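So the protein sequences, as listed, match chains Z and G.
Read left to right, the first sequence gives residues 1 to 69 (this note's numbering).
Read left to right, the second sequence gives residues 1 to 158 (this note's numbering).
Hints may be right or wrong, so weigh each one.
Have a look at the derived ranges for each label pair, beta carbon to beta carbon [claimed, not checked]:
id : chain 1 : residue 1 : chain 2 : residue 2 : range
1  : G       : 70        : Z       : 33        : 29 to 35 Å
2  : G       : 50        : Z       : 63        : 42 to 48 Å
3  : G       : 43        : Z       : 29        : 35 to 41 Å
4  : Z       : 52        : G       : 139       : 40 to 46 Å
5  : G       : 53        : Z       : 60        : 26 to 32 Å
6  : G       : 73        : Z       : 51        : 25 to 31 Å
Facing chain Z, from chain G, some residues (calculated, C-beta under 7 Å) [stated by the list, open to error]:
id : residue
7  : 65
8  : 87
9  : 92
10 : 107
11 : 108
12 : 114
13 : 117
14 : 122
15 : 126
16 : 130
17 : 132
By construction, these hints were calculated from the structure, which means they are not laboratory data.
Being a predicted model, the structure only gives us computed values, none of them experimental.
Glycine residues also receive a C-beta, built at the ideal position from the N, C-alpha and C atoms.
Here is how the chains run, residue by residue.
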Amino acid sequence: METNKLLGTKEQDPEWIKELVEGYLQRDINTLSDYQKKMLRDQYFDYLRDGFKPKDAIEKAFKIVSCFS
Amino acid sequence: MVSSQKMQLKKPLKLFHVLVNNNCEVRKMKKIMIVDDDQNIIQTLKQSLEYMDADYKVTCTSNGMQCLELLKNNEIPDLILLDIMMPKMDGWETFKNLQENPLWKNIPVFFLTARTDRVAKNAVDFLAVEYIQKPYDIEDLKIRINKVLKNTGNIGKE
Numbered sequence: 001m002e003t004n005k006l007l008g009t010k011e012q013d014p015e016w017i018k019e020l021v022e023g024y025l026q027r028d029i030n031t032l033s034d035y036q037k038k039m040l041r042d043q044y045f046d047y048l049r050d051g052f053k054p055k056d057a058i059e060k061a062f063k064i065v066s067c068f069s
Numbered sequence: 001m002v003s004s005q006k007m008q009l010k011k012p013l014k015l016f017h018v019l020v021n022n023n024c025e026v027r028k029m030k031k032i033m034i035v036d037d038d039q040n041i042i043q044t045l046k047q048s049l050e051y052m053d054a055d056y057k058v059t060c061t062s063n064g065m066q067c068l069e070l071l072k073n074n075e076i077p078d079l080i081l082l083d084i085m086m087p088k089m090d091g092w093e094t095f096k097n098l099q100e101n102p103l104w105k106n107i108p109v110f111f112l113t114a115r116t117d118r119v120a121k122n123a124v125d126f127l128a129v130e131y132i133q134k135p136y137d138i139e140d141l142k143i144r145i146n147k148v149l150k151n152t153g154n155i156g157k158e
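Build out the structure end to end from the sequences listed, making use of the hints.
In structure tokens:
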């Protein structure tokens with residue numbers, strides 16, 4: 001029964017999603033091209049993989065992408 | 001006599017299998033994977049997409065774990081339609097797993113969700129190539145799918 005429990009509801013959002021959105025909303029991403037958005041996403045997951053906290057990962061990813069704008 | 005007939009049949013049958021197995025590559029079919037726990041949505045989407053375009057080959061899974069299993073078996077689609085709320089493994093976790101594998105991270109993902117809250121909207125805006133709000137318009141979905149597949153080089157390269 002437990003295995004059929006619905007995951008991904010608003011109450012169960014993982015920390016990396018919540019922190020991603022917080023960091024994301026602090027910046028104006030409308031000026032970014034699709035390519036820059038992809039770069040931002042790739043950088044973000046690279047930093048997560050390297051062990052950074054989600055908030056720091058998005059922060060660092062934005063810094064990298066800003067160098068290419 | 002029977003044995004020799006069987007022997008004669010072997011070659012054409014083998015050729016037939018090769019043709020069937022390579023069918024996707026020969027016709028440049030577009031492989032789409034739907035990951036959603038709602039069987040009604042899966043069936044409607046699969047039938048609609050395959051009916052609208054004979055070059056769509058749609059595979060369906062009902063949660064993220066099944067999706068990853070298929071990918072591990074080298075069933076790599078050209079595009080994934082991913083629900084967020086699912087049992088066993090949700091869309092967020094599935095997406096994170098896709099990003100952690102170099103072979104999977106460039107597969108375009110459309111999030112397909114009924115969630116309308118701020119976190120979900122902004123997260124999918126950042127993570128996904130497209131964000132499809134349920135209930136969706138199938139014509140609009142097809143246009144968006146074609147646009148993305150064209151940009152990633154899977155349409156019109158024959």
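Hint check results:
About 32 Å separates the C-beta atoms of residue 70(G) and residue 33(Z), a value consistent with the hinted range of 29 to 35 Å. For the pair residue 50(G) and residue 63(Z), the supplied restraint of 42 to 48 Å holds, since their beta-carbon distance comes to about 45 Å. Checked against the given bound of 35 to 41 Å, the beta carbons of residue 43(G) and residue 29(Z), roughly 36 Å apart, stay inside it. For the pair residue 52(Z) and residue 139(G), the beta carbons lie near 42 Å from each other, so the given range of 40 to 46 Å is met.
Taken as a hint, the range 26 to 32 Å is violated for the pair residue 53(G) and residue 60(Z), whose Cβ atoms sit roughly 41 Å apart. Separated by about 30 Å at the C-beta atoms, residue 73(G) and residue 51(Z) satisfy the suggested range of 25 to 31 Å. Checking residue 65(G) against chain Z: minimum C-beta separation of about 10 Å lies over 7 Å; hint violated. For residue 87(G), the suggested interface contact is upheld, since its CB lies about 5 Å from the closest CB of chain Z, less than 7 Å.
The criterion of a C-beta within 7 Å of any C-beta in chain Z is met by residue 92(G), whose closest approach is roughly 5 Å, and the hint holds. The closest approach between the C-beta of residue 107(G) and any C-beta of chain Z is roughly 13 Å, which is over the 7 Å cut-off, so the hint fails. For residue 108(G), the shortest C-beta to C-beta distance to chain Z is roughly 10 Å, which exceeds 7 Å, and the interface hint is violated. Hint status for residue 114(G): violated, given a least beta-carbon distance of 11 Å to chain Z, over 7 Å.
Hint status for residue 117(G): holds, given a least beta-carbon distance of 5 Å to chain Z, under 7 Å. With a cut of 7 Å, the hint placing residue 122(G) at the interface with chain Z holds, because the nearest CB-to-CB distance is about 5 Å. Hint status for residue 126(G) relative to chain Z: holds, with the closest Cβ pair at about 5 Å, below 7 Å. The criterion of a C-beta within 7 Å of any C-beta in chain Z is not met by residue 130(G), whose closest approach is roughly 11 Å, and the hint is violated.
The criterion of a C-beta within 7 Å of any C-beta in chain Z is not met by residue 132(G), whose closest approach is roughly 15 Å, and the hint is violated.
In this structure, the hints that do not hold are numbers 5, 7, 10, 11, 12, 16, 17, in rising order.
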